[in-house]
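Chains as they are written, first to last, in the working numbering: chain A, 1 to 223; chain B, 1001 to 1246.
None of these hints come from the bench; they were simulated from the model. Every residue, glycine too, gets a C-beta built ideally from N, C-alpha and C. The reader is advised that the hints may include incorrect statements.
To spell it out: a stretch of chain B is covered by chain A in this simulated footprint if at least three of its residues, at any positions, have a beta carbon under 8 Å from a beta carbon of chain A; those stretches are [stated by the list, open to error]:
(1) 1019-1028
(2) 1049-1055
(3) 1074-1080
Over the 10 Å line for every Cβ pair with chain B, so calculated as not near, a few chain A residues [to be verified]:
(4) Phe-5
(5) Phe-33
(6) Gly-46
(7) Gln-49
(8) Pro-81
(9) Leu-126
(10) Asp-127
(11) Thr-159
(12) Leu-165
(13) Leu-179
(14) Leu-200
(15) Ala-207
Each chain is listed here by its residues.
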Amino acid sequence: MSDRFWPQAFAIARRDLDRERRAGEVAWVTIPFGAIALLLVPLAVGINQDVLARIGTGMLFVVVMLFGVLTAVRRTSAETPEQRDAIALLGIDPAAEFVGRTMAGSLLLLVFQIVMAAVAVVLYGLDISGWAWMVVVMPLTALGLAELGTISSSIASSTNAGPALVPLLVTPLAIPLLLGATQTVEAIDRDGGNLAWPVLMTIVVLALAIVGVATARPLQETR
Amino acid sequence: MSDATRTRIGPLDVVAAVSVLFALGFALASPRIESQGEAARMLFVHVPTIWLAYLAFAVTFVASISYLVTRKLRWDHVAGASAEIGVVFTTAAIIGGMIWGKATWNVYWTWDARLTLTAIMLFVYIGYLALRRVIVDPEARARRSAILGIVGLVQLIPVHFSVTWWRTLHQTNTFRPRDIQMDGPILAALLVSVAAFTIVYAAMMRHRVRLEELELLAHTAAIAPAGPVAGDAVSAPNVGNSGTQP
């Protein structure tokens, strides 16, 4: 790893966050869209408070998975081939680019999750007494989703079907994260907590990080 | 169709056909499982199909890594062909499982962890095949799908361990080397069936990889100019001391 790796990664992350600050797509589109989805669920399944309290945490993570993908799709369509060429010609390490984009994506997804969790607690009356584990689960979910989004958006970039293809690629692959997140919360309710699920999430996140870094160069070559 | 591109039935195809007949004979001759009746013979189709799905996706994983290391398009052909066959056998495993489920659980579909995760695994590789279809350039397609072929293996972990992690309707893994709970003749029939299906997979791979190579030839021929183009007559100047300025 060269001395320039981390400065390059932070520069890429800052660029993505600046882009979000200017466009505000997560703040003004994805978050309200996710909140509407959480609002629609009780209308579809009925407004029985007990049922909503039981399914609320699961619905929260389903919304996070499905709408979190939108941040990856946005990045696929926002970046032009010329911008990608410029990044490659500047000599930026492809692995640093992957890390930087993942860092920015995780931060945006973490903010998205926190807002969605607050909305779900208010709407579904969720019991948050055992939510200390969320301090671990939420960053792992954000990191895993951001890694998948970065890999998938790079794979699908420059193809006509990019924005349609990314959700199909990310959603099924995010299932281990969804299972890890929901089962951790369920295990807290059942027996006070179980390390196995956060460990599964950590393994998935590490595996995706290794794949992302190892394949960053061939991916940059094809763009 | 030229002779070189014509599909030929090879010895492997004959062996595959004979082994399937052999496996069918074993399956029909195996003793009846009292608890499940004749429906239990689905075992001899269901287990080999899901085994082949695992095998096919594992081959896709290995071939994807091999492509990224060697950059030989042949590995991409293997990965693509194996994923396609894997999708076929995963679909067959799900449909076979549904038929068996109707006979034993009285429902075609239940929200069992193994069933649900297998269906999700199918969508991972449908996405993989969709990606392959939207990229025309063979090199770009190979690189991008290789990465997805590697990431896709993440999904196999929860599918395989689902019967251990959750209390599911689905039985636990059939092959546990230290704890085989199966009568000898049934186990023998199952192993013959698994071997026969594996030979079928090998035969299908041979044809599908060849088809991928023919598709590459067709693609190369399609983008090659049909006749002379402007500039053909112009060649690079031979200055003798290329790379140096006077």
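Could you work out which of the previously given hints the structure breaks and list their numbers from low to high? 1, 2, 3, 11, 12, 13, 14, 15
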